[in-house]
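Asks: Sequence:
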Amino acid sequence: MSGVSAEEATLVKFFLGPWLIGSCLELVLMGVLGCQFINYYNWYPNDGRGLPIAVAILCLLNVLKSAECFATLWIFLINHFGDIQYDLQLSATGWWDTANPLMVPNFQLSLAHVAILDFYVQCYFCTRLWAVSQRWWVVMPIFILFVFALVSMVLGTFYIATLQEQQVTNWFAAHLGSVFAGDVILSMTTAYFLMQTEKSVMSKQTAQLIRSLIRLTFQTATPAAIVAMFNLIFSQMYRTNRPLLGYFEIAFNQVLPKVYAISMMYTLNARRAISARASGSRNESSSDGPSLGGRVPRRHPSGDVELGRIEVATQNETTRHVDVTDMFASTHSIEDSKGTFSNPDQEIYGASAQKAGRGSS
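Take the sequence shown: its position 101, counted from the start at 1, is 101 in the UniProt record's numbering, and no numbers get skipped.
Just so you know, nobody snuck in bad clues.
Computed Cβ-Cβ distance ranges for the label pairs, DEER-style:
{"no.": "1", "residue 1": "V28", "residue 2": "Q219", "range": "12 to 22 Å"}
{"no.": "2", "residue 1": "T240", "residue 2": "P52", "range": "38 to 48 Å"}
{"no.": "3", "residue 1": "I144", "residue 2": "Q219", "range": "18 to 28 Å"}
{"no.": "4", "residue 1": "N241", "residue 2": "P52", "range": "49 to 59 Å"}
{"no.": "5", "residue 1": "T240", "residue 2": "V12", "range": "16 to 26 Å"}
{"no.": "6", "residue 1": "R211", "residue 2": "W74", "range": "43 to 53 Å"}
{"no.": "7", "residue 1": "I144", "residue 2": "R215", "range": "25 to 35 Å"}
{"no.": "8", "residue 1": "G31", "residue 2": "W136", "range": "37 to 47 Å"}
{"no.": "9", "residue 1": "G17", "residue 2": "I185", "range": "30 to 40 Å"}
{"no.": "10", "residue 1": "P45", "residue 2": "N241", "range": "56 to 66 Å"}
{"no.": "11", "residue 1": "L64", "residue 2": "F158", "range": "16 to 26 Å"}
{"no.": "12", "residue 1": "N241", "residue 2": "I185", "range": "32 to 42 Å"}
Everything labelled a hint here was simulated from the structure, so no lab data went into it. Note that beta-carbon positions come from the ideal geometry of N, C-alpha and C, so glycine has one too.
Could you build the full structure based on these sequences and the hints that come with them?
Replies: This is the structure we're talking about:
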């Protein structure tokens, strides 16, 4: 690189390289998210007001994050191309960088933007855990951990502005460590309560659906936890004898909020596939013969391939409806869920599980 010293060339690779790679991946994932947003509004037009508004806010936050990434690349690589010292200084003083951490733990604005996005999705999964467990003392410690992570990033961005590197490293470690620990605890706790529910149901169809939800819990939690783990590892490289490796955390920091958002949207959109599998299980079970107790399951005239009403015979030969919506939004307790699976495409607020005894008319 002509006109650039060996030291500056190294800084270009380790500083601008992760920015470029992370921002490109972030923009690609924004395309994935865009498809998920469109699918959600096409597939679930009957959801209540809460979820569509939450998805719209998530979409807005992610569009702003992608705009911040694009603006940063433009400033670094176009407006100040080749001026690595300016870029390094800007990373601690520019508004776009300050916003990034609060959205994807990075530098200032950029850091702020990241942390906010992460916290937003974490709140959704906390409400999901509340719907599954109905125990505030289970959800509250995890929620407090995520609040601490957000506050840690706010403090970290403050110390970035004041150029207190040691404090920045400490608070970033607190933030990323809390995020990683919270994600793991949240996933394990959600899976535990789902497994407890699985043990209490008699229907094979219902048990199969709950197992699908357990798999979904780990599928959506694992990517974010892995990215957060690598983010934590590289953010602490500044303390070692190879501090340049610490810049690698920039790339992971850029994509972390997108991974969180994709996890949330994947969870919401998975209802369609779970519904289809449930309908297939019911039809196969019905064709084999009568259900438990010698009663033939009632057919519904709806031609949906969605979950609809899957009737489950329990030991006392009473049919119950299990509402899978409980496990995607905080509208029901898991105790109600043990009884029924109703249409997941409809948000049913405040309704408890209803017993529907079969009449022999």
